[in-house]
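Residue numbers (the numbering used here), protein chains in the order written: chain A, 1 to 293; chain B, 1 to 367.
Keep in mind the hints are simulated off the structure, nothing from the lab.
Each residue gets a CB set at the ideal place from its N, CA and C atoms; glycine is no exception.
Among the hints, erroneous ones may be present.
What the hints assert, rightly or not - Straight-line alpha carbon distances no greater than 20 Å define the calculated EDC-like cross-link-like pairs of lysine to aspartate or glutamate that follow: (1) A:K200 - B:D77; (2) B:K154 - A:E189; (3) B:K178 - B:D152; (4) A:K200 - B:E72.
Stated by the list, open to error - Pair ranges (Cβ atoms, derived): (5) B:A167 - A:A79: 52 to 58 Å; (6) A:A79 - B:E65: 45 to 51 Å; (7) A:N151 - B:P107: 55 to 61 Å.
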Amino acid sequence: MQKRVGFDRWALPYLLVLPQLAVTLVFFIWPASEALWQSMLRQDPFGLSTEFVWFENFVELFHDPAYLHSFGRTIVFSASTTFLSMVVSLLMAVAADRVMRGANTYKTLLIWPYAVAPAIAGVLWWFIFNPSIGIVAYALSVLGVDWNHYNNGAQAMLLVVIAAAWKQISYNFIFFLAGLQAIPRSLIEAAAIDAAGPVKRFWTVVFPLLSPTTFFLLVINVVYSFFETFGIVHATTSGGPAAATEILVYKVYKDGFIGLDLGSSAAQSVILMAIVISLTVVQFRYIERRVAY
Amino acid sequence: MAELHLNGVRKVYAGGVEAIRGVDLEAEDGEFVVIVGPSGCGKSTLLRMVAGLERTSEGEIRIGERVVNDLEPAQRDIAMVFQNYALYPHMSVFRNMAYGLNNQGRPKEEILERVQRAARMLQLEGLLERKPRQLSGGQRQRVAMGRALVRDPKVFLFDEPLSNLDAKLRVQMRVEIKALQRGLGTTAMYVTHDQVEAMTLADRLVVMNGGVAEQIGRPLDIYQRPATRFVAGFIGSPSMNFLTAAVAADGRSLELPGELRVPLSARAGPTAGRQVTVGVRPEHLHLSPGSGPRLTLSVGLIELLGAETVVYGHPAGHEEAVTLRVQGVPEVTEGQDLELGLDPAHVHLFDARTGRSLSHPDDGGAV
Ligand SMILES: Nc1ncnc2c1ncn2[C@@H]1O[C@H](COP(=O)(O)OP(=O)(O)OP(=O)(O)O)[C@@H](O)[C@H]1O
Ligand SMILES: [Mg+2]
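Chain A extracted, bound-state conformation (with noise of 0.2 Å):
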C-alpha cells in the first residue's frame, strides 16, 4: 500500500494561497470597486458635495469629442506601435535563427532593453529626438527633414511609437525565437528539396506554423500599448503637442490627477479595464482552441 500524501488539516491549503489572495485583494479587487464605485459619482469643482449619477459618466464621455479624439490616437498609436514591434522582431528572430541555433549568451543579452522601465525608454528617445539637443534630430535636419516633435503631431506620434515598440521588441523577439526554434529542422529542409525558395518558405512554411505565437504577441502588444505605455507618453509628449499623443491611458491620468474630474478619470479607466478583459477573454478562448491548423 500506498502511504496517502495530504493535508491533515483543512487550514493549510487557505493559509497557502492567503498571501495571492490577499495581494489580489488589496492591490486589485479594492481599487478595481473604487474605480467602479467612483466612475459613478460626481463632485463640486470644489469637492463639497458628491452626487450619485449612475452612468451619467459614461454617457458624457462618448459625447465628449476629446475623449473620441484620443481613442482614434490610441487606436493609430497602438496599431503602429504592434505593427512596428513584431514586424522588426520577427525580422531580428528570422535572422538570429538562421545563424544561431542554441547559442545562449545573444538571446540574454537581446532581452536587456526589456528590462530597462518604460520611463527611462522614454527619455531616451526624448534626448534622442529632442530638436535642440538629439543626435537623431540633428541628423534629419542634415538630411533635411525638420524634426520638431514639439509642434508637429504626426511627429510627436511617430516618436512614441518608435519609443514604445523599441521597448517591446527584445520581448517579442524572444517569443518569435522560441517559436521559430521550435518548428522542426526538417519541415524547412522538405522545403528546400520541395524547390521553395528561402522567401517562399518563409511565408508557405515558417510563417503559418508560427500562427499561435504570433496571435499570442499580436493579443500581448495590443494590452501593452494601451495600458503600459503612460510613462513613456509622459516622459516624451506628455500627450502634446495639441493631444496628438494622448492616449487613453495618458488621459485618465491627465483629467483624474490634473484635470481633478475625478468622476470622468475613474468611468475612463473602467472602460479600459473593460478592454482589457475582453482582449482577456479573446486570447484565452483562442488558446483553448490551440493551433488552427
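Given chain A, put chain B with the ligands in place with the hints provided.
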C-alpha cells in the same frame, strides 16, 4: 533516373567532427542502395550530403552527368523521405503532395493528375483532404512517400523511413517500398540500422562504421564473405561468434584454447604463430558433430522461437560466449554440456589486430 557517384567524399562538421572520412560509392541507374551501420557512423550525414542539406567538405558527388556539390537541394532533382515524415502540418494531404510541383510552376491539371496517380498507388485516395494530424502513422508514412513520388525525381533518398512504425507495418511498408521502387525504376539511397531491411531491400549494400564504408557489395556476398570483423559481427542475427586463436607452428591449422584445432585451407595463408580471430556464424555450428573439429558448450540460456531455437553458452576454455542457432526445437536443457561440430569451410578468419578478413582478403570496400 540516373546513376549516383560518390568520389572520395568527406565531411568535417564545424567544430571538427569528421563524420565521413572518405567514401567512394557507385550506384547504377535504378539500383537500390542501402546504407547500414551503427548509430553515429555517419549514415544520415552521407545521405544529407547527397540531398544537399549538408555541404560536402571534400570529394565529388555526381547525379547522372551533373556534379551537384554546389547545387541547392531543389536543383538536384532528388526527393527525400524523412524519419519523422516532415509533413507540413497546416496543409492537407493533397497540398502536401502538390507543394513541390506547385513550386516548380507546373500546370494545374498536371499536378492534379500526378497527385491522384500517386494517391492511387499508395491507397491514399480517400484521405486527400485530411490534415496530417488526422492520419495514422502508417498513412503519414504513405503521404511522405507520395510527396517524394509525385516529383518523379532522379534519386529517392530515405532516412530511416520505417523506424517510427510498428513491426508489422514496417514489414508491409518495406515490401511496398521495394515494389514501388522496382516499378518506377528510380535510383534509391536508403539509410537504416535495421539489418533485415538492409538485407531485403538492397541491390547494393554499404556497411558503414566510424565514417567509412567498411564493405560495399551485394547483401548475400557481404553475408557470406564479410571483409572485416566489424562487418561480420554487424550483419547477421544473432551475431557471428568470435574466438581468439593462434596459427599453429606448421601454418596448416589453428590452435584454439580447449585443445580445439581447426585445419586451415591452403588459400588463406597467415604466417605461423600469428594471432587471429575465428568467426563462426551461429547457424554453422551443428548439434551432430561429424568427424571434424568439435567444441564443447556448457549451455546457458535457451530461446525458443518456434521455427528455430537460439542457444547461448560458454565453450570450455574460452572467454567468449557462443551462440548456436538450430532449426526446430532440439532436446537441450540448461546446464547441459553440448558437443558441437564446426565446419572448417564456414570459418572466417580475421587479423586479430586490424580486423581485416584473412579468408576473403580481396573483397570489400575502402578501409
Ligand atoms: N550538425 C552536426 N554538427 C556536428 N557534428 C554532427 C552534426 N550532425 C552529426 N554530427 C556527428 O556526426 C556523426 C555522424 O552523425 P550521423 O547523424 O550521420 O549518424 P547516423 O549514422 O545517421 O546515426 P543514427 O543511426 O543515430 O541516425 C556523429 O558523430 C554526430 O555526432
Ligand atoms: Mg541518422
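Status of each hint after checking the structure:
Taken as a hint, the K200 (chain A) and D77 (chain B) pair is honoured in the structure, with Cα atoms around 19 Å apart against an allowance of 20 Å. Restraint check for K154 (chain B) and E189 (chain A): satisfied, since their Cα atoms lie roughly 18 Å apart, inside the 20 Å limit. As the CA atoms of K178 (chain B) and D152 (chain B) are separated by approximately 16 Å, the hinted pair is consistent with the 20 Å bound. The suggested pairing of K200 (chain A) with E72 (chain B) holds, with an alpha-carbon distance near 15 Å, which does not exceed 20 Å.
Between A167 (chain B) and A79 (chain A) the C-beta distance comes to about 56 Å, which sits within the given range of 52 to 58 Å. For the hinted restraint 45 to 51 Å between A79 (chain A) and E65 (chain B), the CB-CB distance of approximately 56 Å leaves it violated. Our hint of 55 to 61 Å for N151 (chain A) and P107 (chain B) holds, since their Cβ atoms are close to 60 Å apart.
The structure does not agree with numbered hint 6 stated previously, though it agrees with all others.
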